[in-house]
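Start from the sequences, fold in the hints, and give me the full structure.
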Amino acid sequence: MKLRNMTERITFYSVQMGINPETHRPIKDQKVKEFTVWAEVPKLSVREFVQNSSNVGFRKESPTFLIAFKTRKEIQSNWLINWRGKWYEITGMDPDYAKRDLTKITAQEVVQNGSDR
1 MKLRNMTERI TFYSVQMGIN PETHRPIKDQ KVKEFTVWAE VPKLSVREFV QNSSNVGFRK
61 ESPTFLIAFK TRKEIQSNWL INWRGKWYEI TGMDPDYAKR DLTKITAQEV VQNGSDR
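Note that my numbering numbers the sequence shown so that position 31 is 31, with each residue one more than the last.
Hint data in this document are derived by calculation from the structure and do not stem from the laboratory.
The C-beta atom is built at its ideal place from N, Cα and C for all residues, glycine as well.
Take these hints with a grain of salt, some might be off.
[Stated by the list, open to error] The calculated label-pair distances, taken between Cβ atoms and stated as ranges, are:
| # | residue 1 | residue 2 | range |
| --- | --- | --- | --- |
| 1 | 94 | 28 | 29 to 35 angstroms |
| 2 | 22 | 92 | 15 to 21 angstroms |
| 3 | 4 | 95 | 17 to 23 angstroms |
| 4 | 112 | 20 | 26 to 32 angstroms |
| 5 | 76 | 28 | 17 to 23 angstroms |
| 6 | 109 | 30 | 18 to 24 angstroms |
| 7 | 109 | 28 | 20 to 26 angstroms |
| 8 | 25 | 96 | 39 to 45 angstroms |
| 9 | 43 | 15 | 28 to 34 angstroms |
[Said to hold, decoys possible] Within a straight-line C-alpha distance of at most 30 angstroms, the following computed BS3-like cross-link-like pairs (lysine-lysine) qualify:
| # | residue 1 | residue 2 |
| --- | --- | --- |
| 10 | 99 | 33 |
| 11 | 70 | 33 |
| 12 | 70 | 99 |
| 13 | 43 | 73 |
| 14 | 86 | 70 |
| 15 | 33 | 86 |
| 16 | 73 | 33 |
| 17 | 31 | 104 |
| 18 | 70 | 31 |
| 19 | 33 | 43 |
| 20 | 86 | 104 |
| 21 | 73 | 31 |
| 22 | 31 | 86 |
| 23 | 104 | 70 |
| 24 | 43 | 104 |
| 25 | 43 | 99 |
| 26 | 28 | 86 |
| 27 | 43 | 86 |
| 28 | 28 | 43 |
| 29 | 28 | 99 |
| 30 | 70 | 43 |
| 31 | 104 | 33 |
| 32 | 104 | 73 |
| 33 | 99 | 73 |
| 34 | 43 | 31 |
Quick look at the structure:
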């Protein structure tokens, strides 16, 4: 694991039921910040780029994050990731149990439907 490659900051959020402090009504999907980590977002190899040239922008919509194996809490598959102001849902996790140094997380950008709730 090369720490100097981990140059991106990502934040994990869980989605829970909550209460609006102003109206005291329940909020269906309240995002609760869990923790923040440094991550590496590996670049696309030339071979992958040429093979997927018809999918322009495909890497921004479905990035792969490499983070340290040990985290403050165990990452849940239903959590969201905030990276560079965009929201991503976790589509896959692959912890390296052999070396116990990295966890690979694949994500997909969440498309907002125009409403906050």
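So, going through the hints one by one against the coordinates:
Distance hint check for residue 94 and residue 28: the Cβ-Cβ separation is about 31 angstroms, which falls inside the suggested range of 29 to 35 angstroms. Under the hint 15 to 21 angstroms, the C-beta atoms of residue 22 and residue 92, about 38 angstroms apart, miss the expected range. Under the hint 17 to 23 angstroms, the C-beta atoms of residue 4 and residue 95, about 22 angstroms apart, fit the expected range. The given range of 26 to 32 angstroms is broken by residue 112 and residue 20, whose C-beta atoms sit roughly 19 angstroms from each other.
For residue 76 and residue 28, the hinted distance range of 17 to 23 angstroms is satisfied, since their beta carbons lie about 18 angstroms from each other. About 21 angstroms separates the C-beta atoms of residue 109 and residue 30, a value consistent with the hinted range of 18 to 24 angstroms. A hinted range of 20 to 26 angstroms holds for the C-beta pair residue 109 and residue 28, which are about 21 angstroms apart. Between residue 25 and residue 96 the CB atoms are about 44 angstroms apart, so this pair conforms to the stated range of 39 to 45 angstroms.
Between residue 43 and residue 15, the C-beta spacing of about 30 angstroms keeps the proposed range 28 to 34 angstroms intact. Simply put, residue 99 and residue 33 have alpha-carbon atoms about 29 angstroms apart, close enough for the 30 angstroms limit, and the pair holds. Taking the CA atoms of residue 70 and residue 33, the gap is about 18 angstroms. The hint holds against a cut of 30 angstroms. Restraint check for residue 70 and residue 99: the C-alpha separation of about 12 angstroms stays at or below 30 angstroms, so the hint holds.
Between residue 43 and residue 73 the alpha-carbon distance is near 27 angstroms, which keeps this suggested pair within the 30 angstroms criterion. Taking the CA atoms of residue 86 and residue 70, the gap is near 24 angstroms; set against the 30 angstroms cutoff, the hint holds. For the given pair, residue 33 sits about 15 angstroms from residue 86 by alpha-carbon distance, which is consistent with the 30 angstroms threshold. For the hint pairing residue 73 with residue 33, the CA-to-CA distance comes to about 12 angstroms; that is within 30 angstroms, so the pair holds.
Restraint check: the Cα-Cα separation between residue 31 and residue 104 comes to about 23 angstroms, which is no more than 30 angstroms; the hinted pair holds. A hinted pair counts as satisfied when its Cα atoms are at most 30 angstroms apart, and residue 70 with residue 31 qualifies at roughly 23 angstroms. Taken as a hint, the residue 33 and residue 43 pair is honoured in the structure, with Cα atoms around 27 angstroms apart against an allowance of 30 angstroms. Distance hint between residue 86 and residue 104 is fulfilled; the C-alpha atoms sit about 19 angstroms from each other, no more than 30 angstroms.
Under the criterion of a C-alpha separation no larger than 30 angstroms, the hint pairing residue 73 with residue 31 is consistent with the structure, at around 16 angstroms. Distance hint between residue 31 and residue 86 is fulfilled; the C-alpha atoms sit about 14 angstroms from each other, no more than 30 angstroms. In summary, the hint linking residue 104 to residue 70 is supported, as the alpha carbons are separated by about 12 angstroms, within the 30 angstroms threshold. Annotation: proposed proximity of residue 43 to residue 104 holds, straight-line Cα distance about 14 angstroms (limit 30 angstroms).
Between the alpha carbons of residue 43 and residue 99 the distance comes to roughly 22 angstroms, so the proposed pair stays at or under 30 angstroms and holds. Proposed proximity of residue 28 and residue 86 is supported: the alpha carbons are some 20 angstroms apart, at most 30 angstroms. Distance check on the hinted pair: residue 43 and residue 86 sit about 18 angstroms apart at the alpha-carbon level, within 30 angstroms; holds. Taking the CA atoms of residue 28 and residue 43, the gap is near 36 angstroms; set against the 30 angstroms cutoff, the hint is violated.
Under the criterion of a C-alpha separation no larger than 30 angstroms, the hint pairing residue 28 with residue 99 is inconsistent with the structure, at around 40 angstroms. Restraint check for residue 70 and residue 43: the C-alpha separation of about 23 angstroms stays at or below 30 angstroms, so the hint holds. Of the supplied pair hints, the one linking residue 104 and residue 33 holds, its CA atoms being roughly 20 angstroms apart against a limit of 30 angstroms. For the given pair, residue 104 sits about 16 angstroms from residue 73 by alpha-carbon distance, which is consistent with the 30 angstroms threshold.
At roughly 19 angstroms between alpha-carbon atoms, residue 99 and residue 73 fall within 30 angstroms of each other, so this suggested pair holds. For the proposed pair residue 43 and residue 31, the alpha carbon gap of about 29 angstroms is at most 30 angstroms, so the pair holds.
Checked against the numbered hints listed earlier, the structure breaks hints 2, 4, 28 and 29; every other hint is satisfied.
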